[in-house]
Structures are given as C-alpha cells and as structure tokens.
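Q: These are the residues of each chain, in order.
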Amino acid sequence: MMTIGRRGVLGGVAAGVLAMPAIRARAQQQGVKIGLVAVQTGPQAALGTQLRDGFLLGVKHLDGKLGGLAVQVVDIDDELRPEVAVTKTRAALERDKVDFVVGVVFSNILQAIMRPVTETNTFLISTNAGPSTFAGRGCNPFFFTTSYNNDQVHSVMGQAAQDEGYKRVFIMVPNYQAGRDAVHGFKSRFKGEVVDEVYVPLNQLDFSAELARIAAAKPDALFTFMPGGLGVNLVRQYRQAGLANIPFLSTFTVDEATLPAQQDAALGFFSAAPWAPNMDNEQNRRFVRDFEAAHNYVPGSYAAQAYDGAMLLDSAIRRVKGNLADKQALRAALEAADFRSVRGNFKFGTNHYPVQDFWLCKVAKRPDGKFQTETVRKVLENNVDPFAAECRLR
Amino acid sequence: MSTQLLLVQALNGLQFGVLLFLVAAGLTLVFGVMDFINLAHGVQYMLGAYLGASFAAWTGGFWAGLVLALPVALACGLVLEVLVFRHLYDRDHLSQVLATFGVILFLNQALRAIWGTAPLQVPMPELLTGGITLMPGLQYPVYRLAILGAGLATAGLLWLLVERTRVGALVRAGATNAPMVAALGVDIRRLFMLVFGFGAMLAGFAGVMAAPILSVEPGMGDTVLILAFVVIVIGGIGSVRGAFLAALLVGLIETLGRSLMPDLMRLFLAPSPARQAGAAIASMLVYIAMAAILAVRPQGLFPVRTG
Amino acid sequence: MRTRIRESALPLLVLALLAAAPFLGFGEGWAMTLLARAMILAMAAVSLSFILGGAGLISLGHAAMLGFGAYAVVILDDAGITEAAVVVPVAVAAAASFALLTGAVAIRTSGVHFIMITLAFGQMAFFTAASLAGYGGDDGYTLYSRTSLGGTRWLEDRLVFHYACLGLLVLSLLLCRMLLASRFGRVLRAAKESSLRVRAVGFDPYPYRLVAYGIAGGIAGLAGVMLANATEFVAPSYIAWQRSGDLLFMVILGGVGSLHGAVLGALAFVLVEEWLGHITEHWRLIFGPLLILAVLFLRGGLAGLPAQLLGARNRG
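In order, the protein sequences belong to chains A, B and C. If you use the numbering used here, the first sequence closes out at 394, no skipped numbers anywhere. If you use the numbering used here, the second sequence closes out at 307, no skipped numbers anywhere. If you use the numbering used here, the third sequence closes out at 316, no skipped numbers anywhere.
Since the hints were derived computationally from the structure, they do not count as laboratory data. These numbers were taken from a predicted model, which means no experiment stands behind them. Heads up, the beta-carbon is just placed ideally off N, CA and C, and yes, glycines get one too. Any given hint could be a false lead.
[Stated by the list, open to error] Covered by chain C, according to a simulated footprint, are these stretches of chain A (three or more residues, beta-carbon under 8 Å): (1) 102-114; (2) 154-166; (3) 173-182.
[What the hints assert, rightly or not] With beta-carbon atoms standing in for the labels, derived distance ranges: (4) A/GLY369 with B/ALA292: 24 to 32 Å; (5) C/LEU149 with A/ASN323: 37 to 45 Å; (6) A/LYS191 with B/PRO273: 21 to 29 Å; (7) B/ILE114 with A/GLY242: 57 to 65 Å; (8) A/ASP264 with B/PRO273: 34 to 42 Å; (9) C/ALA93 with A/VAL376: 53 to 61 Å.
[Unchecked claim] Computed list of chain B residues with no C-beta within reach of chain C, every gap over 12 Å: (10) GLY168; (11) ARG190; (12) ILE234; (13) ILE237.
So here's chain A without its partners, still in its complex pose:
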C-alpha cells in the first residue's frame, strides 16, 4: 500500500500550494485514491485513530489493493470543525482527485461535507456517523454507511430496558442534537416511566450534581449517551459515587476507545451495538487478532466498521473490474455489499443504511487484563432503521 502521506507525496503537494500548475500536470495514475476523514485533533482524536487504524488494516489485509487497484490514502484531519472539514475535503476532491471519501466519526462533520462530496458525483462511505438526516427523505444515491442509523442503536437500548422489565428509567445525555436524538431513539421502544431527563453541557467535566440527582431518584436503571471523554468521566464518577448497583445502560459510552481509561470502573456496564470484539466468526477473529498485534489496543466499533468499509470498497471495485467511471455500475456494486463482514451477515437497505442485527453488550475483563465489550444477547434481528421508508431511492 502506498500511503500518500506525510512527508512523501503530500510534502510535494505542500510545495505545490505555491506552484500549482506543476501538480495539475501530474498524470492520473492507475489506482484508487481514498480520502480518509478522521478527527486527529482534540479530545475526540482517539476515535479518529481507531477509525484510521481499522481502515488501514483492511487495506493491509487486501495486500494494499482494493478490488485489484493499488490504494493511496489521503489523510484528512477534520479537527472536528465543519468549515475546516469542508475546505480540506474539497482540496482532496479537486487537487488529489480522490475516488472515494471514507470515514467520518461525527455527524456534524458528515453533514458539512455531504454536499461538496456528493455534488461531484463521488461516493461518500461513512464508517461511523449515521445521522437520520440522510436516512429518510434526505437519502442520497452517492452516500452509503457501514455503521447504522444513530437512532437504531439508542432504540436497541430502549428495547433492552423494556425486555428487562425496568419500570422507571433515568435519562442523561449531553445537550446537543445527537443527545436529543438519543433520548428520542430510546423512548421509541421503551414504554415505562422516564423519571427524569437531564441534559448536560457538551464540555462537562464533573457529573457530581447529576449523580446526586440520580441517587435521590432511585431509578430501576440509567440510560445515558456520553461519547468520548464525557463517558470516561461519567463512568468513573458513577462507580465512585456508589451507584453501580443501578444498571448502567449506555450507547457509545463504554466502548473500546474509552475502556482503557475506564477499566474496572466500567465492568458490568451495558452498551448496544451491531458488533463486539468477541463475535465468533472467522473474519472477525482475524480482524481482532491482527489489529491487536499491530496496534496493541483492542479495536472498537469505529475500527471494525472502517475495516468493513475497506472490504465493501474492495468488493465493489472488484465487481466493476476497476472501472470507477461508470457510477451506475459502481453504485449497484456497492449496494450488493458482497463481502464478509466482521458482524457476520450484512446487507444494505434501500436507503444505503445497513439492515443488521443489534446486540446488548456488556463490559468484561479478558484473561490478559484488557477490557472489551462482549455480546450478551441479540435484541433486534435484521433491523431496518425507522427512516428508510421515507427514502425515495428506488
């Protein structure tokens, strides 16, 4: 694999900022170029690192080729700033002439780059962000996601809470769009009483005020969605406040990106996901084993879905025999999703969001002392996201 990157080719491109015509003269090489959007700056950078490592491992397993074409990966650090993401993505499209844009951890970044990418008839494969905006009426022929629709994951937890027979649930989420979506998703399947809904600022460091409220409310369970560092803080403080006897139902809060920092504090806490590292299939065993050997940490869903993204591209490019110009054929090839996912079965719905099983997972400590989420039971089978019916794609 040729990672276009860092010092090598991009160094040359950098010089090209000042000497543009030279760059334009560079001949179109035989191969496929991927713009890999992953946040590498700020508190959420760990998620971007997972995503990138997962995708690159996929490419490595395919001998540096996707569907027989040599791969060049152009790294794009979106800095979690929409305007920066737009500028850098446009540069990747027009200067580096990338054939696909892949990756994206956060929904707001995806929304920002959606237009610039799809308007140039370039396929955008999200391997993580799956906002409802593009699942229903806003679905797009050039957009695919290998993850899920965000609402689905939250609704899985709602279903799980319902199945467990919890009567009174306390909800706590950050005060932003994804947080409000989480509440909506959870409530769509949980029919019991919501004791209280608490919205905390996105940059919250200390949860003591909220924990005191939870202790006073004595709910049957807590449902929460606290991505990244928020989750690290919450989980440790939750355990320290002696609340661990109240079941901790969460989405994107205890995962392999945050567990190294949460460790024992997260033991026995629940999450919902379409995948977990312990899934027993050949593809997944190979992925987890080689990932850990290469990076010395346990892969999370960010890495797994990006790995699947590489596999998806490989299958599609192979199917069109490397002809990337025929967009119709390429779309049909992507829709076929003819690859073996680390999740076992995988297929796309009409809106290009996956139709898949969802699991209730629980944090466990492995014999080697590392932590991971492990599947407890299947909650939803072949689940179609709630917006798919609104999508007008054939």
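With chain A held as given, fit chains B and C onto it using these hints.
A: Just chains B and C now, kept in the frame of chain A:
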C-alpha cells in the same frame, strides 16, 4: 429538590471550586505580579495530569505519581519561563497572548505525539476510595472530600505564604507596583521565576488531583483555562483572596445552576423545552454572572491596584 | 508623499495578487475555496483591527458577530428567503445591533476586563446557537443554495464569488481607513492614547467607541454572510471562543497598528496552516514555535516586515 440534595450539590460546587482555585491561583499571581497574560497555563494543568498518569502507571501508585509529577511540572514551568516567557515580560499584552498561544499549540501537539490520542486513566489511591455516608441515604465519595481538603489546605498555605512571609510581601508589593519593588533593589527576575514556577506547579497539582476523577485527554486544559480566567477577573486580578472566593463562586454557580436551572425553567415552560432551555442557560450562567459583576464592578470583586 | 506610496505599496501588491490569483494557477476549486476563506476571515480581521488598533478595544468575542451574520443567512434560508437585498441588510443589522447592545455594557470596562466581558457575550451567543434545535443545534445547518443576487445565482460561480469576497474586503478596508482618518477616527485614536486628555477637551469617548464597535460588528456580520455562503454550512463552532482567538491572532500577527496588517495576518494564518498541515500531521509542532518567533522578532507584525528589513539594511 430536597435540602439534602442541595447540600450535596453545594459540596460538589465547592469541590469543583477549589480545583479551579488551584489553577487560577498561579494565573492570578503571574498576571498580577508580572503583568503577564499566560494562556499556556491551562496546558500546564494538562501536563500535570499527563505526568501524574504516566508516573502512576510507572510506579504503580497514585501517591508516587503525585510526588514525582510535581517537581517535573515545576521544572517544565521553569524551562518554559527561561526559553519563552522571560523574553515577553516587557512586551504588551497582545504579544504575550499570541506567543503563549503558540506555546499552547506546541505543547498540545507534543503531548499528543508523546502520549497518543486515547484518554489515560489514573488509579484512585486505595486509601481514598469508597464513600462516606454524610446523611442517611446520601453517600459522598471520599476522594472528592480529599480534593476539597487538599484545595483548602493549599489555599491556607498560600495565604500564609503571601501574607506572612518576606517573599509574600514582595509578591504583594509586586502586584501593586512592580517597578517600585525593582527600584528598591529586589532581584525582580528571581522573584518572577519563583512565582512562575510555583504557579506552574499549582496548576500541575490541580491536574494530578483531577486525574482520577476526570478523563486525562488532549485539550483538557482549554475548558479549565477559560474558567480560570473568568475566576481571576471576577476576583480581581492579582488577588489570591479574590481568586479563592471567585473560584468557589464559579464552582457553585456551575454546579447549582446546572441542577436548579431546569427546575426553575419549568415554572415558565413545558417540561421538555424547559429542560433544554434550562441546560442552555445553565451553561451560560457563569458568563452571565461575570458580565453582570464586571458591569457593576469593572475591576472585579477584590481589586488589588487602586487608581 | 514617497513614504505614503511605500506604505500603501504592500497592501496594494497583496490585493493585486489576490485579484490575479485565479489566473496564476490558483484557479482550481480547492485553492479558490481556501483563498475565499482567507479573504473572508481577513474581512473580519480588518474589522477587529479597526477597533483594536483604532480604539484599543481587544475583543475576544468577535466571532459572535460573524456568527450573527451566518445565522441570519440560515434563519432566512429556513424561511425561504435567499435574496441578498434582504439577507445582507438583515445580517449586518443583526450583527451591528448585537455589537451595540453588548458593547454598551462592555465598553464601560477596559483592558483585560473588556477582553473577558466580550468573551462572556461571545459564549452566550455560542450556547444560544447550539440550542437552536430548529436550525440543527450543534450539528449545524446545510445551506442548499447560496444567497441570490437580484434573483440570479451568480454567487454559485466560483470566480464571481472570489471577486465578491475580494471586493467586499477592499470595501471594508477603505471604509475602516476612511473612518480612522476622519474626525471620528481622530477622537477614537486620541482616546486610545489618553482617555483623560480627550475628556479634558470636552469629548466623551464612550459614544465614539460604541459606534466604532457597532460598525466593526456590522462588517464582521457581512463577513459571516460570506462565510456561510463559502462553506454552504453553518455551525455553532463558528462562534466558539477559539475562533475569536484565531481572529485576534491574525490581527496581532499582521501588526496591530495597520489595517492591512490584518489582511496579511489572515492570509498567513490560513495559508501557513494549510501548507504545514500537508507536510506533517504534527504541524502544530512547527506552527506554535513560528508564532513565538514572530512575536519575538517581528515587532511590527507582518505589516512591519518590509520596514524592518529596509531598516536593517540601512543600518547595516
């Protein structure tokens, strides 16, 4: 909301407040004595947390981590002082802001390059795990009480140092009129270095103390920096007493506002919008308070310089 | 006379280069996107430089004005209004009113307190924008078409958009320069040097500063309209205090004393960031020390660089 809950929230607010004070104390001294705006102070807090995490992992214990992290944080502060900051003392505030912003960029990235992007964890000391039953039915974590205690002790120590020692007298004099102190034959450079290193160490101390309850991650210094600036401006620049009271005030406003505001909004709005509006206003509350205080008392609550 | 020509040589050269850029190999879309962003930020930086250099008002909440302009575009777009004849006046008026309202309180303070109180207002605007669930909240809002000019879609054309940005930049530069040279500007500058002396002559600097602050807010609001159009996306992160900080850094880097310094600072900031970002992922390890060196050795900022070089040669 019950009185019990209110009490616990107040304790939480105070605990967050003393953490803020530890960061703000160094900032206000450096600003007050040297008239130097140091944006990189938040990074020094972050550095403390990372050092604490590494040393704790290396030695296998929180205490050893703390003991090792403090001198290294101090040393880093002094190195920065010699390399960069000392060349900026006679420059205007704007130059200081730009240069220390450069330091932030550099250190943030350097920490990332060294420690990676994943959040780190620091084990809580055995001694301080678990909770104490303050009241029937309400547990409070021991570690938080320990932070509160350590913060108050540091504040007391700092007060003695500033009010009762010769160095403290110089610092106070420096905050009021630095050129005069220099004219009286005091080695102002040494004094500056001392104050600076001490401030850096305090921020590092706050970082280590916060590490077991907060996530040690890139960019963790930014939020704290801004709140620390709010604290020193409300308190009156250069005033340690002001910083202390303002830190507690900001801690209380943050914490109590967050839990009371949604309930308060429910008096005017339907439950769902009330929760969201309440949370939005709670995030602004500290800034609203600062704007209000400055509008009434432009020099802060305890101004040091008069006239 | 000769010094005046020399003084305006540099800004004229830079503006001429910007005008010619599309034909000097920067005609590709991504390069023009980058230049447009740089020019728009330069516009906001000029307005900040106007109050900073002219009146000594160091604002750490200037991105809020930019945000007001951008969100005016969003809110009107949501209501189905995209005509520039409506959007621009509304955006400018909204940003200017916000500036006047908050300025009325903020200008009563000075120095660091002014910095902090403007930060406070900026944060309030940020949290308000983030809670606007109807306009995307934190996720932001995608604009599906650019602002129309008299019913036409000229701004969709990159070349037209490029010159629109450049034209507005030049206009704001001229406006600020004219204002500073006027009687109004002389009072402002005199009050910056010594508030006491100005009062003694019988002027109260407060209304002058407030009006200047309002004008700067209006210009930044206009820049916000262009920023929304350039990225076709608006998010609360445009208003974050770090963005206000960036604007401030552009002005200081360019040189506080001169308006065109802000243009140089903004161009340098955006282009160097882009350029270093391509060399290495850890570009901040280089950019940070560069800023420190710029402060230590470029006393007059980038705008003072030619004079510094000439001076060194004359002395040598």
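Q: Is 53 to 61 Å a correct range for the gap between the Cβ atoms of C/ALA93 and A/VAL376?
A: Given a distance of about 57 Å, which is inside 53 to 61 Å, the answer is holds.
Q: Does the beta carbon distance between A/LYS191 and B/PRO273 stay inside 21 to 29 Å, or does it fall outside?
A: Holds, since A/LYS191 and B/PRO273 (Cβ atoms, about 23 Å apart) stay within the stated range.
Q: Could you let me know if the closest chain C CB is still more than 12 Å away from the CB of B/GLY168?
A: holds (24 Å)
Q: Against the range 24 to 32 Å, how does the distance between the Cβ atoms of A/GLY369 and B/ALA292 compare: consistent or not?
A: For A/GLY369 and B/ALA292 the Cβ distance comes to about 52 Å; the hint is violated.
Q: Do C/LEU149 and A/ASN323 keep their Cβ atoms within the hinted range of 37 to 45 Å?
A: Because 41 Å falls inside the window, the suggested range holds.
Q: Far enough from chain C: is every CB of that chain over 12 Å from the CB of B/ILE237?
A: violated (6 Å)
Q: Does the region 102-114 of chain A contain three or more residues whose Cβ lies closer than 8 Å to a Cβ of chain C?
A: With 5 residues in contact (Cβ-Cβ under 8 Å with chain C), the coverage given for the region 102-114 of chain A holds.
Q: Taking 34 to 42 Å as the hint, is the beta-carbon distance of A/ASP264 and B/PRO273 inside that range?
A: For A/ASP264 and B/PRO273 the Cβ distance comes to about 39 Å; the hint holds.
Q: Would the non-interface assignment of B/ARG190 survive a Cβ cutoff of 12 Å against chain C?
A: holds (22 Å)
Q: State whether the coverage of the region 154-166 of chain A by chain C holds or is violated, taking the criterion as 3 or more residues with Cβ-Cβ distances under 8 Å.
A: violated (count 0)
Q: How does the region 173-182 of chain A fare against chain C when you require at least three residues with a CB closer than 8 Å, holds or violated?
A: That given contact holds, which follows from 5 residues of the region 173-182 of chain A lying within Cβ reach (below 8 Å) of chain C.
Q: Between B/ILE114 and A/GLY242, is the Cβ distance one that fits in 57 to 65 Å?
A: Taking Cβ atoms as reference, B/ILE114 and A/GLY242 lie about 35 Å apart, which means the hint is violated.
This entry does not satisfy hints 2, 4, 7, 12 and 13, going by the numbered hints stated previously.
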